[in-house]
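Here the structure of chain A is known, so what remains is to put chain B in place on it, guided by the hints.
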Amino acid sequence: MELDPLLLSRLQFAFVVAFHAIFPIFTIGLATYLALLNGLFFKTGNPAWKRLAEFWAKVFAVVFGMGVVSGIVMSFQFGTNWSNFSQASANFLGPMLSYEVITAFFLEAGFLGVLLFGRDKVPPGAHLFAALMVALGTFISSFWILSANSWMHTPQGTELIDGTFHVTSWWAAIFNPSFPYRLGHMLLASFITGGFVVAGVSAWYLLIGRDQLANRKALSMSLWLLLVLTPAQAVLGDFHGLNTLEHQPTKVAAMEGNWETQSGAPLLLFALPDRDIQGNHFEIAIPKMASLILTHSFDGEVPGLKEVPRDEQPPVWITFWSFRIMVALGFLMIAVAFYGLWLRRDERLYRHRVYLQTLRLMSITPFIAALAGWFVTETGRAPWLVYGVMTHAEGLTPSLTGGMALFTLIGYMAVYAVVFYAGVFYLTRVVRGGMLDNEREPDEQVERPMRPFSATHIPFDTERQGG
Amino acid sequence: MESFDLSLIWAVIIAFGIIMYVLMDGFDLGLGILFPFAPSEQDRDVMMNTVAPVWDGNETWLVLGGAGLLGAFPLVYSVLLPALYIGVFLMLTGLIFRGIAFEFRFKSHSRRWWSRAFAGGSMVATFAQGAVVGAYIQGFETEGMVYTGGAFDWLTPFSVLTGFGMMAGFALLGATWLILKTEGDLQAWAYRIAPKLLIGVLVVFGVVSLWTPFVDPSVWDRWFSNIQLIWILPVLALACAFLIYSGVKRHHDVLPFLATLGMFIFTYLGLLVSRWPYVVPPDYTLWDAASAPESQLFLLVGTVIVIPVILGYTGWSYWVFRGKVKPGEGYH
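Line order of the protein sequences matches chains A and B. Letter 292 of the first sequence, counting from 1, is numbered 292 in UniProt numbering, and no numbers are missing. Letter 240 of the second sequence, counting from 1, is numbered 240 in UniProt numbering, and no numbers are missing.
Extracted from the complex, chain B is given alone in its bound form:
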């Protein structure tokens, strides 16, 4: 039984689930953020049509992550959710409004309010998610495995910055997704805004990177005690940023989106490395937070069967709906 570390396996699964959610819901939330700035109402239709067949599946990863966390790392679940109480509430209401607006906008002749609900819901949900990341970097006040802080401890200048950073990042994902999936005027618009969003992301990325080591001394030690291989992560993230820029300049359709995904992945890995192996910083490691081994094992059996199926199914959905989306062509 002890020949393999169940908690470690679960940490990898959950970490994978989270990045899948961030990447996949990221670009469709990004479209919501860009929504009010789109050149025309027809372009908004096209924007929604690019994600219509897949966005439901994207949000499955969030539900999966929530349930999986309870099953494998209940401490994370029971400290983070109370600590982020208001933020979680904002995220959920944002996602609900957005989901309902998505469904009904296609059914409505008067679309203005549904468009606003879609954009507003996406912005609130994204900001809340970014602020959650900031709060996570800051760590949580706990005593005897119970959160003891206040309702607004998560809301600091630092987490506001990461909130806006996430909005810029998801908007960039949305813009590069549009470059990939559209053509004509809408694509030209996406090409124009992508570099501006990239600058915004890089500014936040820079400030957060400089600020983070001062938020917690253990992060400082991790990065500066001796120069290690982990420095490759920010270097790769910056290389991706350069690829986005050059891809946009050369009007390459695919490269900017892939490079943005890459930038998110390397930044995420950098964040994980900063905190490893603490899952409830600053006090509890993933082994402290784990549920009983028999529970982790019981759940693992189903998960290893189903996750490949979900991945295969998701991949197939994207394959079926590959290619450019033209105006007037809809899945609704």
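So here's chain A without its partners, still in its complex pose:
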């Protein structure tokens, strides 16, 4: 069998980005939560906020550290596997990615240490300021990365001259048409992820009866947050979808599994799309619903995949099903958030064991939903790397062979498996150690700065007898 460097490179990029992405999805929301907790403690002086802030700072430190390690690979991926794309788009993407590095470094290097280690060494206001700056750093980082990514979906402000993009308007290129929706959708996803992880961990602590006071506060707070954010995400997702319909109709057609351009298009609940027959098997559909959702009219016209030649159609199966997984999980999250509101009557929220167990299990769903959403938008763009302008095949490194791509794909998978295993294993220990780990560290001789992991003092393994 001939190894296809294009397919393998796409798999490799999807794998590396997906692996890296789970860390920022979490840390962006968590950074804001830390800022909020520190703000509440600053304002009220209630020690429960401080205990929560200190515990979640440890989790933040480990996840952040993992994100940094896995992120090193990212900045080299464009060059190794997509060198033609790198060279063509460097005038725009180069400055975007560089600004991500230097602006994020600027805030993180300066304030992460103060946030993690500075509580007793700087005035409370300065510590709160550091927490706010770290949160701001994560936003700025998302800003640049999503601007670069959005530009690949809806390129504007650039002109292609002799195979190279030249920026004609930085403003138009950075604030390209899909950018505000994409950024908003992603930031909300991050907050929801943070909310469900905090809710899940707090629920688990309540189940085992640990630190009731602080964890009830944390659970209550995250559920109020989710009550607002999960429906808001559905609304924002709808806007994002309308924007996509305007600029990338083929992607929407793939999401809907819709082959013929038609008015009054049905909403497919289940189908097996098949590119070979240019149609679906086993459709279960609600008539006219797709038109209603997409055009806000029962008879609105919805584009079909057949509008474009077969070789310009996305791999519809992945797009279609990823989209359904994302939406289904989204509704599940909304339902869980609203059921929590129901349970708030007469304080049952904190004692309802089935609900607390459910919350525990739900901590993983925002990660899956976010990755599914990312698959929708990225596979839906195929075969375009820069929508309508450059295909994946054109962007590929010309000298790349299938063997090389396969070798490094397996290599990265092996390396990340070790990293992920160690990281999750250690995080589990940190969460188990939890807020019981109360004794203050002996005030070390060090003033500043240290590695993020230094924020936790929990051993990786248990000490062996006689070892």
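For the record, the hints were derived by calculation from the structure and aren't laboratory data. Hints are supplied without guarantee of correctness; some may be wrong.
Derived DSSO-like pairs: lysine-lysine, alpha-carbon spacing no greater than 30 angstroms straight-line [said to hold, decoys possible]: (1) A:Lys50 - A:Lys217; (2) A:Lys50 - A:Lys121; (3) B:Lys196 - B:Lys326; (4) B:Lys324 - A:Lys121; (5) A:Lys43 - A:Lys217; (6) A:Lys121 - B:Lys326.
Since we're looking at a predicted model, the values are computed, not measured.
Using the frame of chain A, we list chain B on its own:
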């Protein structure tokens, strides 16, 4: 607009970024290479503690260099990375293992595997970086600004030699760093191994210097067409080598490290002079490789603000953690 040459400014910034990375990650990679040979497990703890507060910042220069290169000289980025595909992969996996081992070794009671991962990752990453330098001196096969060679063109006897040379060089940096930062038995050990590593570095330095002019005729012309001021660079590098030797003999704490830094800087400048102004040898100059002027300018604005901040911050970190690291005293 044309009153100053943006590409030239960027060449200086990138060249500066690269040497900063080499010098700063160099000594902590060197510690990883020396790791298996350290006298005791306690010494290994001390070795890690000497770099614990700063090594994260050291690696920032690598990410900065990668992103900056894409922004300012995309051709370099898009030819070198495909050409060095396997080498870059080895370097990245080495750095990842090393980074993870660094974090978790401090958290573990059973440290053996983390120590191995730290040492192995450091060795692989260093060898790959040295081989990249060798491959760079050799030049790259391109056609129409695209790399056309094979996956293993970079791996030649010459690049293997530079790979081992880099390992010896970083180990020497690590050893002289230990002389600077430690005392007692560990320092005595560092004093003992430093001269041996220096001999290894000088042997490779000599062979590479004699070999390089034959790798490419343009390098021969640069050095031998008429005797120029550039000959001061190898002379200064050798003078630094002598200072390392005499510093070690006189048991001077600071001199060997500074002189090793100096040796690296002059060797690096010598390498730049050999290739100037070609950034993708043998065909493309830095002006061929540059991105559009408006992109270079857009990026320059942020960079000139942030680089001094990073330098100041880095300098401050080293200042805060100045002085000897004693056993049992940790930042972890």
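**Q.** Violated hints - listed by number, lowest first
**A.** none
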